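Line by line, the protein sequences give chains V and D.
Heads up, the first sequence is in full-length UniProt numbering, so the first residue is 1 and it goes up one at a time.
Heads up, the second sequence is in full-length UniProt numbering, so the first residue is 1 and it goes up one at a time.
Read the hints as simulated data drawn from the structure, not as lab findings.
Quick caveat, the model's predicted, so the values are computed rather than measured.
Please note that the accuracy of each hint is not assured.
For identical chains, the list gives no copy identity; a pair is met inside one copy or between any two copies.
[Claimed, not checked] Cut-off 27 Å, straight-line C-alpha distance, at most; resulting in silico cross-link-like pairs (DSSO-like, lysine-lysine):
# : residue 1 : residue 2
1 : LYS56     : LYS261
2 : LYS318    : LYS295
3 : LYS209    : LYS144
4 : LYS150    : LYS282
5 : LYS282    : LYS56
6 : LYS132    : LYS209
7 : LYS282    : LYS227
Protein chains: 2
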Amino acid sequence: MKGTSLSGVERDALRGRSITIHSPATVANMVCGFDVLGFAVQEPYDIMRIGFSENKGVTIINEDEYDLPTKPEDNVAGAALLAMMEELEEGIGFELRINKQIKPGSGVGSSAASAAGAVVAANRLLGERFTKEDLVRFAMNGEKVASGVKHADNIAPCIYGGVTLIRSIFPLDIVPLHAPPLYVSIVHPQIEVRTSDARGILKQQVQLKDAIRQWGNIAGLVAGLLKNDYALIGRSLEDVLIEPVRSILIPDFEEIKKRSKDAGALGGGISGSGPSIFMLSKDEQTARLVEQEMKAVYARLLLDHHTYVTTINMEGVKFIG
Amino acid sequence: MKGTSLSGVERDALRGRSITIHSPATVANMVCGFDVLGFAVQEPYDIMRIGFSENKGVTIINEDEYDLPTKPEDNVAGAALLAMMEELEEGIGFELRINKQIKPGSGVGSSAASAAGAVVAANRLLGERFTKEDLVRFAMNGEKVASGVKHADNIAPCIYGGVTLIRSIFPLDIVPLHAPPLYVSIVHPQIEVRTSDARGILKQQVQLKDAIRQWGNIAGLVAGLLKNDYALIGRSLEDVLIEPVRSILIPDFEEIKKRSKDAGALGGGISGSGPSIFMLSKDEQTARLVEQEMKAVYARLLLDHHTYVTTINMEGVKFIG
């Protein structure tokens, strides 16, 4: 925590003021970086507005179609705010309006966008009292509501922007990583894969030789990002541990990957725990070709899907007004 | 392979010419990078001289005290040269003199220095016909003779210099990594730990959660090196998988690590498969203090030991004459 508390007078002065933000989708794992890497994208994003409220605690108003819980303890944004409020003086009340654009369960950090967006916006309202690391800590409580596990690989990039490494979660050690310009194609097949299910099917023991291959790849990916070496990034986007298990939950995963790479993508894989698939490309034209391939595969299966072509979002949550 | 073959005339012209090199010690694994990271040091190094010979094949002359095999197939340098010669025209002969300064079995890449030095020197004699990657490929045959396994985490830094990542061994993908200035303190307790034994005690299955912690650390270490972030390098020098098993073979390992860090070392651990221990420091003064702590621990145990204070060797094998 940094800075000082707001006096009652200051808070009174802020009543009625509200902060509007765009909280971006994020791609966790980044193929070989299970549980430790993630990046934010420009689109899609949730729209959220927060203000002080006369009512103590957290009041949540959903302005979207998803019928998410409004009881703060059961809402990911609410749980994140409640964690923050444990470190604030008593008697503060927040009113949070959420217009969710990132479909829950899509695998691009819908819950993280809510949790991170809420605490980033509240922190602005409070005069930037907390550090980014504090905000990650609070927002992870939202992830716990969503998936049962405190993880930060969506939260951290949502708050820091760009590509982030969570070197360690206990104690929290977040490392923002430089990245060269990258275009991102995402396809979200309209099937449900629950994060808890996607975690449940993973083996808790792995072969040492596979783990070695995996950490060779993550080391290569980090080096590729920091050295602007697109070819190395592409070669390192390989996952021998998680993808072979999880990809069975995603229709025609291998076909999409193969066709995307044939179209020029550097590589890619499952976004978070799926079902969305992301692919990275060096330029927009390639990313659009990849999008067409993704659409073609799911059109043939008569499977409803959404696609995005976007770039890495370097600033994370954006303040709109 | 690059370039063209030497003609008989050219080879005749080179007869009598010889190349002398210093082939450096290397530290493999670098704590969290088991089997994929390594770096070369300025000291110690082997001295080797190679020339063409009238006798076909490889003739090995040992000029040191270690009584290593002279039959090429059984000698790590010989095996590396034989692998190279499979890609040369018939009828070439090399005479190789080895003055080994890096004690075999010390854990600082003694076998790699021989294997890598031999092929780097022979390649110079041949007019740089092979790429560095070719040379790594040949030299790995020496490692197979020494430990039964083709590994490149000593070979690659010995040939490339600096810190190297072996992202993948099949296919071979070597990534040289920038590193900030680092001082290295090494202690070699005079006990024998065979590489094959040190490999044998490792569990072939590991917990996924431990593997995740390990790849968080290797990603942090690579980022720390490339960003010149000494604190991040220090935090990332943590090994939750291999060190807890292997360190039991090394007397007072934990004591040395603790005292080294208390003296200001960034961190460190087992060099290769041991028994040598290395520690990294930001400046020479700290590295010398660390050396004193290492000496004090083994003096108390009445255990013979050698120490070195050196820096990272950025060029690898050096041509002397």
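Cross-check of the supplied hints:
With identical chains, the CA atoms of LYS56 and LYS261 are never at most 27 Å apart, being 53 Å at best within one copy and 48 Å at best between copies. Taking the shortest alpha-carbon separations for LYS318 and LYS295, neither the intra-copy value of 30 Å nor the inter-copy value of 55 Å comes in at or below 27 Å. Taking the shortest alpha-carbon separations for LYS209 and LYS144, only the inter-copy value of 17 Å comes in at or below 27 Å, while the best intra-copy value is 31 Å. Taking identical chains as interchangeable, the C-alpha atoms of LYS150 and LYS282 are never at most 27 Å apart, the minima being 33 Å within one chain and 35 Å between chains.
In this assembly of identical chains, the alpha carbons of LYS282 and LYS56 never lie at most 27 Å apart, being 49 Å within a copy and 51 Å across copies at closest. Only between protomers do LYS132 and LYS209 lie at most 27 Å apart by alpha-carbon distance; the minimum there is 25 Å, versus 36 Å within a single protomer. For the homomeric pair LYS282 and LYS227, the shortest alpha-carbon distances inside one copy (14 Å) and between copies (23 Å) are both at most 27 Å.
Against the hints set out earlier in the document, violations occur for numbers 1, 2, 4, 5.
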